[in-house]
Amino acid sequence: MVKKLITEDTKLFMTGNETVAYAAVAAEADIMYGYPITPQNEVMHTWAKLQPKTEASFLQTEDEISAGFATLGGVIAGKRAFTATAGPGNVIMQDAMSMAEMMRLPAVFVILARGGPSTATVIYSQQETTLTVFGGNGEGFRIVYSSWSNQDLYDYTIKSFNTAWKYRYPTYVLADGYQGKMREPVVCYDPSSRGIKMVPTEPYVRAKGLPGIDRPPCHIRNAFSVEEELLEAMEEYQNDFDRIAPEIEEYYTYKADDAEILVIAHGIVARSVMTAIDALREEGVKVGLFRPITIRPLAVKPLREAVSRAKQVLFTESALGQLARICLENMYGLTTPYDTYYRPGYGIVGEDIVHKVREMQKNLVTT
Amino acid sequence: MIQELTLPPKQADAVNTEIGPSKFCPGCGHGMTLNTLGFAIDELELKERAVFGCDIGCSLLAWNFMSVDSVQTHHGRTTPVIYGISRARPDTVGIAYMGDGGGYAIGAQHLVNAATRNEKMLVVLVNNTNYGMTGGQMAPTTLPGQKTETTPYGRDVEAHGKPFLGPEMVASITDDASYVARGSVNNLRQLKTFMKKGLTNVADGRGFSFIEVLSLCPLNWRTNNVDTWSRLKEMESFYKVGELRVPEEIKGVK
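Quick mapping for you: the protein sequence lines, in order, are chains G and W. For the first sequence, my numbering begins at 930 and goes up steadily by one. For the second sequence, my numbering begins at 18 and goes up steadily by one.
Pulled out of the complex, with its shape left as it was, chain W reads as follows:
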């Protein structure tokens, strides 16, 4: 039986509804992540202060996804553009949105130094264990044994290195002023809380916030619905979901 839906989907005010259907592939985790970010911005009433920056790769498709001021940059370069903005205008709540390639490979130096300097900005890094836009190559986060276009026989940790543990790395180089967490599109309610904490930490002018989001890429994973979800479960057993650093002042943020 076909049931007609009469209610429009609930969308955040901070999301741009004028662009129509999302440009992300069916089943992609970016839309869920961005909507969640939108709700977090709404609930904290940060629309006026927020500046959203997106990287190259699939994340660039977010260039007009948000109804907040946005700038699309080059591969790996969203972090310096955002701290360039927030240092020039310090009450800005800058959000650098990127993929695992942008944050952990080509832009790793920016992530490391922005975290070390405690730049007052939020980095949201979407980990889907591969380079999606360019056709599914190995990412720093590709799981051991995972097949990608550049590891067609599976990622061999001897030859290709071990998966990159981003939040663990960021937590180890930051201090108590930083907020560091790993969420998953499997639990958007929790992810929203993480994002609210990360945004609050920046809005308070306290410090650097970093959230990795375990996400989905059914197109390049070549997985159906069931397998996509079990892949996410596999990722969650490898990459531990949770908070790694929470400043005392924002522990109560829900």
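For reference, chain G alone in the conformation it holds in the complex:
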């Protein structure tokens, strides 16, 4: 059992990566497997540094493939296990993530997106959205929270363990290196002080009793012999996913009710949009924000309602429309025209959005 560090509310000024480690301790995570890749390294550093106090386990594995699979091993042993990675590490960890999807293993993955494709840049982008949500040779049976601040990283890291163990889908906290490396004040708390009860874990292997005598032996697999078996599993997974989606979906809006121009953004870019909205509202421009917090499952109904109310939509991301694609397929049939402001692998500030919105006012988009 991991020892608690935070028993009463404590305000700390720390980086997002440190925050993730503190939150995982607060969530009573037992074990982390990790492999160095920028910009997530300090998650491991902090977790390892805290070990004498927490008595939690850690292993720096031989690569991200092993970090992913060993994390699944930890989960199979019935522990809250997690890992953190980024970029090319996220790419090769998809092997383990697809096994987690197929076996519905409640592993927690923290992704600090860096530039892509390939090695690209080491700190920032929003180019791992598609990979995080739909990576692997499957159907994206994953739950993905996109955070936008260090406080969010604390809150959603805790939440991700509960979501994972409650619904038994691999669960992700998707952030970026800006959040990972930036210091912000974070109110650290014990989850129980917020009425959050940690969902109990249970072992898949080595449950009580002698296998074959007291209970059937546990045989878990990800390979099927015939198409019928696979179809049945996929339909069951999809039905379960559809059923639980309304309980999981989260979104945030800012001045969206009367917005003529609705900006759709996630993660840290949505914070820049907030700055732009405040500036533009002072000029009398009716702009609002729709920020999906869960990229999967997406809060489709509120998204469609917000889009329907607006005269124009603006998608903006530090990628070439990865979030937009996910949204657009769920906006089928709506006729609100949209424009885009995409900066793949490049930071977006409030001023950029202000300029773009002014441009949109001058030249109404029609697509």
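Treat the hints with care, as some may be off.
[As the list claims (entries may be wrong)] Distance windows between CB atoms, simulated:
{"id": "1", "chain 1": "W", "residue 1": "62", "chain 2": "G", "residue 2": "1021", "range": "37 to 43 angstroms"}
{"id": "2", "chain 1": "G", "residue 1": "1269", "chain 2": "W", "residue 2": "108", "range": "52 to 58 angstroms"}
{"id": "3", "chain 1": "W", "residue 1": "221", "chain 2": "G", "residue 2": "937", "range": "41 to 47 angstroms"}
{"id": "4", "chain 1": "G", "residue 1": "1159", "chain 2": "W", "residue 2": "26", "range": "29 to 35 angstroms"}
{"id": "5", "chain 1": "G", "residue 1": "1159", "chain 2": "W", "residue 2": "25", "range": "30 to 36 angstroms"}
{"id": "6", "chain 1": "W", "residue 1": "190", "chain 2": "G", "residue 2": "1278", "range": "48 to 54 angstroms"}
[Stated by the list, open to error] Mimicking DSSO-like on lysine-lysine, the simulated pairs with C-alpha atoms at most 30 angstroms apart in a straight line are:
{"id": "7", "chain 1": "W", "residue 1": "209", "chain 2": "G", "residue 2": "1137"}
{"id": "8", "chain 1": "G", "residue 1": "1137", "chain 2": "G", "residue 2": "1110"}
{"id": "9", "chain 1": "G", "residue 1": "933", "chain 2": "G", "residue 2": "1095"}
{"id": "10", "chain 1": "W", "residue 1": "164", "chain 2": "W", "residue 2": "40"}
{"id": "11", "chain 1": "W", "residue 1": "27", "chain 2": "G", "residue 2": "1137"}
The set of hints was computed from the structure by calculation and includes no laboratory data. Where is the CB? At the ideal position from N, CA and C, for every residue including glycine.
Since the structure of chain G is provided, determine the placement of chain W on it from the hints.
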């Protein structure tokens, strides 16, 4: 004359008899290896502590072969899943079961690092000198001159490299806490002793155990009974059967 057998075959308690006939091809060495492992688990009374993991390839067909808790993983990834489990629950006797492709090619980095770190787990690697499940391609262990689907004119060591000496490699990167051996389905009594030593070494919390098993693949070798056995003999002359590392404490295990 047809003689009816009245006694059921002797099977280990740690083997799952409810699945009926084995899914392995006739003449395959996997069944013999797994049964032997089962007897070793029985004799050491490790059923409660054992977790069996199997790889992709023919070894995946072992996913419900054992009557111990089992997990089937991805190609090459059984090693990290098993140490992931045993580190999270340290009294576990984790067994990673894989083929020569899984251990020496696609999962070689895991074998090397698990051995170097002295992970408290047993790796049982079945060497049948080819990739069986995918139709008989060259494996790291394919013998010089051996014909496979991807070396149709025989393995040329200049072009395709030399056969992989697994236990020799593992022995060279481990220390006195490790147990390393190469057995053969030609001698199951000896193989069982090797497995008992390997399991004991893990159960004692001493160190990494590695056993390569020389095995048979008559289907892909395209050999009849006689030729299958002489192929195994040929393998045994190339890959030396025996123990390469035995911790002092388990030398007496029989």
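Tested hints:
no.	hint	verdict
1	62/W to 1021/G: 37 to 43 angstroms	holds (40 angstroms)
2	1269/G to 108/W: 52 to 58 angstroms	holds (56 angstroms)
3	221/W to 937/G: 41 to 47 angstroms	holds (44 angstroms)
4	1159/G to 26/W: 29 to 35 angstroms	holds (33 angstroms)
5	1159/G to 25/W: 30 to 36 angstroms	holds (34 angstroms)
6	190/W to 1278/G: 48 to 54 angstroms	holds (52 angstroms)
7	209/W to 1137/G	holds (28 angstroms)
8	1137/G to 1110/G	violated (43 angstroms)
9	933/G to 1095/G	holds (22 angstroms)
10	164/W to 40/W	holds (25 angstroms)
11	27/W to 1137/G	holds (28 angstroms)
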